[in-house]
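*Asks:* One letter stands for each residue in the lines below.
There are 2 protein chains.
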Amino acid sequence: MKAEIICIGTELLMGQIVNTNAQFFASELHELGIDSYFQTTVGDNEKRIHEVLELALKRSDIIITSGGLGPTSDDLTHESIASYFNVKPTLDKKVLSEIEKKFSSRGYKKMPAMNKKQAYKPIDAKWIPNENGTARGIIWDVGRESLIVNRISIREGIRSTIHNPQLTILTFPGVPSELYSMWNETAKPYLKKISGGNSIFSRTLKFTGIGESALAEMIEPVFDLKNPTVAPYAGLGEVKIRVTSKSKNLAKAKKDVLKTCKSILLKTKDYYFGDDEESLEEIVGKLLIAKKKSIALAESCTGGFLSKRLTDVAGSSKYIKLNLVTYANEAKNKMLNVPDEILKEHGSVSPQVAFLMAKGIKDLASADMGFSITGVAGPSGGSKEKPVGLVYFAIAYGNKVKVEKKQFSYKYSRADIRWLATQFALNWIRESLMVIR
Amino acid sequence: MKAEIICIGTELLMGQIVNTNAQFFASELHELGIDSYFQTTVGDNEKRIHEVLELALKRSDIIITSGGLGPTSDDLTHESIASYFNVKPTLDKKVLSEIEKKFSSRGYKKMPAMNKKQAYKPIDAKWIPNENGTARGIIWDVGRESLIVNRISIREGIRSTIHNPQLTILTFPGVPSELYSMWNETAKPYLKKISGGNSIFSRTLKFTGIGESALAEMIEPVFDLKNPTVAPYAGLGEVKIRVTSKSKNLAKAKKDVLKTCKSILLKTKDYYFGDDEESLEEIVGKLLIAKKKSIALAESCTGGFLSKRLTDVAGSSKYIKLNLVTYANEAKNKMLNVPDEILKEHGSVSPQVAFLMAKGIKDLASADMGFSITGVAGPSGGSKEKPVGLVYFAIAYGNKVKVEKKQFSYKYSRADIRWLATQFALNWIRESLMVIR
Numbered sequence: 012m013k014a015e016i017i018c019i020g021t022e023l024l025m026g027q028i029v030n031t032n033a034q035f036f037a038s039e040l041h042e043l044g045i046d047s048y049f050q051t052t053v054g055d056n057e058k059r060i061h062e063v064l065e066l067a068l069k070r071s072d073i074i075i076t077s078g079g080l081g082p083t084s085d086d087l088t089h090e091s092i093a094s095y096f097n098v099k100p101t102l103d104k105k106v107l108s109e110i111e112k113k114f115s116s117r118g119y120k121k122m123p124a125m126n127k128k129q130a131y132k133p134i135d136a137k138w139i140p141n142e143n144g145t146a147r148g149i150i151w152d153v154g155r156e157s158l159i160v161n162r163i164s165i166r167e168g169i170r171s172t173i174h175n176p177q178l179t180i181l182t183f184p185g186v187p188s189e190l191y192s193m194w195n196e197t198a199k200p201y202l203k204k205i206s207g208g209n210s211i212f213s214r215t216l217k218f219t220g221i222g223e224s225a226l227a228e229m230i231e232p233v234f235d236l237k238n239p240t241v242a243p244y245a246g247l248g249e250v251k252i253r254v255t256s257k258s259k260n261l262a263k264a265k266k267d268v269l270k271t272c273k274s275i276l277l278k279t280k281d282y283y284f285g286d287d288e289e290s291l292e293e294i295v296g297k298l299l300i301a302k303k304k305s306i307a308l309a310e311s312c313t314g315g316f317l318s319k320r321l322t323d324v325a326g327s328s329k330y331i332k333l334n335l336v337t338y339a340n341e342a343k344n345k346m347l348n349v350p351d352e353i354l355k356e357h358g359s360v361s362p363q364v365a366f367l368m369a370k371g372i373k374d375l376a377s378a379d380m381g382f383s384i385t386g387v388a389g390p391s392g393g394s395k396e397k398p399v400g401l402v403y404f405a406i407a408y409g410n411k412v413k414v415e416k417k418q419f420s421y422k423y424s425r426a427d428i429r430w431l432a433t434q435f436a437l438n439w440i441r442e443s444l445m446v447i448r
Numbered sequence: 012m013k014a015e016i017i018c019i020g021t022e023l024l025m026g027q028i029v030n031t032n033a034q035f036f037a038s039e040l041h042e043l044g045i046d047s048y049f050q051t052t053v054g055d056n057e058k059r060i061h062e063v064l065e066l067a068l069k070r071s072d073i074i075i076t077s078g079g080l081g082p083t084s085d086d087l088t089h090e091s092i093a094s095y096f097n098v099k100p101t102l103d104k105k106v107l108s109e110i111e112k113k114f115s116s117r118g119y120k121k122m123p124a125m126n127k128k129q130a131y132k133p134i135d136a137k138w139i140p141n142e143n144g145t146a147r148g149i150i151w152d153v154g155r156e157s158l159i160v161n162r163i164s165i166r167e168g169i170r171s172t173i174h175n176p177q178l179t180i181l182t183f184p185g186v187p188s189e190l191y192s193m194w195n196e197t198a199k200p201y202l203k204k205i206s207g208g209n210s211i212f213s214r215t216l217k218f219t220g221i222g223e224s225a226l227a228e229m230i231e232p233v234f235d236l237k238n239p240t241v242a243p244y245a246g247l248g249e250v251k252i253r254v255t256s257k258s259k260n261l262a263k264a265k266k267d268v269l270k271t272c273k274s275i276l277l278k279t280k281d282y283y284f285g286d287d288e289e290s291l292e293e294i295v296g297k298l299l300i301a302k303k304k305s306i307a308l309a310e311s312c313t314g315g316f317l318s319k320r321l322t323d324v325a326g327s328s329k330y331i332k333l334n335l336v337t338y339a340n341e342a343k344n345k346m347l348n349v350p351d352e353i354l355k356e357h358g359s360v361s362p363q364v365a366f367l368m369a370k371g372i373k374d375l376a377s378a379d380m381g382f383s384i385t386g387v388a389g390p391s392g393g394s395k396e397k398p399v400g401l402v403y404f405a406i407a408y409g410n411k412v413k414v415e416k417k418q419f420s421y422k423y424s425r426a427d428i429r430w431l432a433t434q435f436a437l438n439w440i441r442e443s444l445m446v447i448r
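Keeping their order, the protein sequence lines are chains C and G. Start counting the first sequence at 12; every next residue gets the next number (my numbering). Start counting the second sequence at 12; every next residue gets the next number (my numbering).
Careful: at least some of the hints might be erroneous.
Any copy, or any two copies together, can satisfy a pair, since identical chains are not distinguished.
Heads up, simulated DSS-like pairs for lysine-lysine below, C-alpha to C-alpha not over 30 Å straight-line [what the hints assert, rightly or not]:
no., residue 1, residue 2
1, K257, K120
2, K112, K397
3, K411, K257
4, K199, K105
5, K259, K297
6, K112, K270
7, K355, K266
8, K13, K237
9, K137, K278
10, K413, K345
11, K58, K121
12, K278, K417
13, K13, K69
14, K397, K270
15, K345, K411
16, K304, K265
17, K113, K355
These are calculated hints, taken from the structure and not from any lab test.
Next up, chain C with everything else stripped away, as it sits in the complex (with noise of 0.2 Å):
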């Protein structure tokens, strides 16, 4: 079984955007254990297409499309491949209800006249619910004999007969939040099931603190395995290792992966963090309920991205009660008590000043622990002393406060350099709490 990639939408033949989409679904295909040989981009332009369709139909099973379903005039997706099969979409009035219905929660007196047509599509097409918007995208097993003929009966000048009765086509909406919870809601279950019902079991493992090909080689010989397979995805401050195996009995397909896992550890362990879907804040906030702890942050280069990451986890009102953003000498002074002669005797970007930072808040909050960041997240505000990209941070517990400083290569943008310095940090204080009873 092998599936294809069509992402359309003229944005993306423009430049206008990165197609994370099609990342999105190449990684969800691999995971599940279908082939995917061929990704395609072409604009929202019915002749183009039916021709990028025409190509995928005869190459592949499951042809997989985002974007193109929204309102307006230039959403061209469903209309396209509907006319491709010669089918006119029909209106499904309990979807049309629905949507009326969306738009009258969200406040507004009326659904615009040119949503009507989201609630249109090929009448033995099934829906893919969307919950985060209008646009719905279907699931379309046109390789069914009835609609293969009907389709060459019709339309002249097709050179190719289609004759695959596993051929279907699931459509999503461009927009990656809608697309994703789609997904997994109903696409991934539905494509499980066809795929032929080999079981695939698969761990991300996830790590920070280090690089990905200094990490790739410690592990080296795994990524030559078959089954499981291993296969290393980085990103920014953050590498993960995908470990995935495929088996009639998912039990044995679990048991070899979390082998692999182990072995994996083994090696890599200080710089591993969680799994799969687990983020380094959310791990935070599980430990610091399991250790019945609170925290206090205060922050200056960062501009509050840690506290709000830190509470992006539902709950986490738990263990954070006030979280401060110093940006002024004036505020660290006032607020976290930091005597004016450190700050101009050593500067904000200073040990000594993350050291008293971490302890103020601690005080100020009345938090088990106070965690400081300062730091020059650039482009400019660098110096030779201390140049863009240097961040020091610092942990207050009990009686006593530890510093530490990260030099963040000059090259990585203001916002770059920001997500970093919350990565390390996160990861300082999962290490730290830890090791607390």
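Once you've looked at the hints, dock chain G against the given chain C.
*Replies:* Just chain G now, kept in the frame of chain C:
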């Protein structure tokens, strides 16, 4: 003149990396005024590279590839392109010695034998030098009759004959940093010369506080324009309208775009906030600088997200001194002087508390403007009276405090509600600053 992008690499098919090269090429081609209708991704596989080439050569004049120029045996791009045209690559001894020098300058005793293949190319192709690595690309004008004839006379089973004297293939390695400088130094000047000099001008108008379809309906006829073209792009809490014009004359293209933008803004200006790459937080930052005002934030449910966004902007320390994340009632009371009785009587998510938080942070930070957010981000913590998605905002300026209430749909995720709250907040701050003298 049409160009087409082919990205080659099994890591893309497995979803291990996001394909940022496609976006880079697409955006560069758009700027050069060269149309590009298709992007294809294919693995490191000679047969499938031939398949993709076969199609691309039929419909485009310029083929741009990335990936597959490394030294390992699975790097096949040059070999596959050459074999498609039945050409045997020849060794360029000068380039070989340059690669050897590169290795010795990096401290290697000897060039690894496998790197020798990076010195081979079709004899009549030109090199694209690579300053940052050993993988050179090529510019190959394969449209010349001699080659085509050669190919047709030798290879069999070819269905279509190419007669396109413009046909040119450009290859690049997959590593973005290598590719960018190769593009800018060699490929871009070459393409500029051969593409005939059409100029493109484009402007993106950005809107918030309105959905894509409602906005599109206000200006619907413009989507049918042929030159300039107008296209909408929807995001969460933000809609973009891009207006693009193509002309032999850049001044004319620009004039046409600005005229169309003006007519769009006549009907939509209430929701418009900026152009092109400008973000809401940048615009708020510019307004704060222009009006010489400082701002201080007190966040509850957004947990630092608004502070993070405002400090994403370089130079934001000019107008931000101190922000607070007061998650706990105790913190609202202690830091912002919100009386316990008010918190008890109305609850922390209430207009009264939003009011006092904004006033409290303004006073505490001695800022010109105080801004507060308190709400229920979910997924738990909602009630019948105060459901998930209910958020209060307040602005304190001068002696006045204004409060706003928003009820975001409970269907949005915690992350989306927090994002939408910061969008609303930034836009309200923007609107408020606009009318301040």
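*Asks:* Now tell me if each hint is right for this structure.
*Replies:* Structure-based check of each hint:
1. K257 with K120: Answer is neither: 51 Å inside a copy and 39 Å across each miss the 30 Å cutoff.
2. K112 with K397: between (56 Å within a copy, 21 Å between copies)
3. K411 with K257: Neither: 50 Å inside a copy, 65 Å across copies.
4. K199 with K105: within (24 Å within a copy, 53 Å between copies)
5. K259 with K297: neither (35 Å within a copy, 60 Å between copies)
6. K112 with K270: Neither way: K112 and K270 sit 50 Å apart in one copy and 38 Å across, limit 30 Å.
7. K355 with K266: Close neither inside one copy (59 Å) nor across copies (53 Å); limit 30 Å.
8. K13 with K237: within (18 Å within a copy, 38 Å between copies)
9. K137 with K278: neither (47 Å within a copy, 39 Å between copies)
10. K413 with K345: So K413 and K345 pass the 30 Å test inside a copy (22 Å) and across (28 Å) alike.
11. K58 with K121: neither (33 Å within a copy, 54 Å between copies)
12. K278 with K417: within (25 Å within a copy, 51 Å between copies)
13. K13 with K69: Both: 11 Å inside a copy, 25 Å across copies.
14. K397 with K270: neither (46 Å within a copy, 48 Å between copies)
15. K345 with K411: Cα proximity of K345 and K411: in one copy and across copies (22 Å, 26 Å).
16. K304 with K265: Classified as neither; 35 Å inside a copy, 59 Å across copies.
17. K113 with K355: This pair counts as neither: shortest intra-copy Cα distance 57 Å, inter-copy 34 Å.
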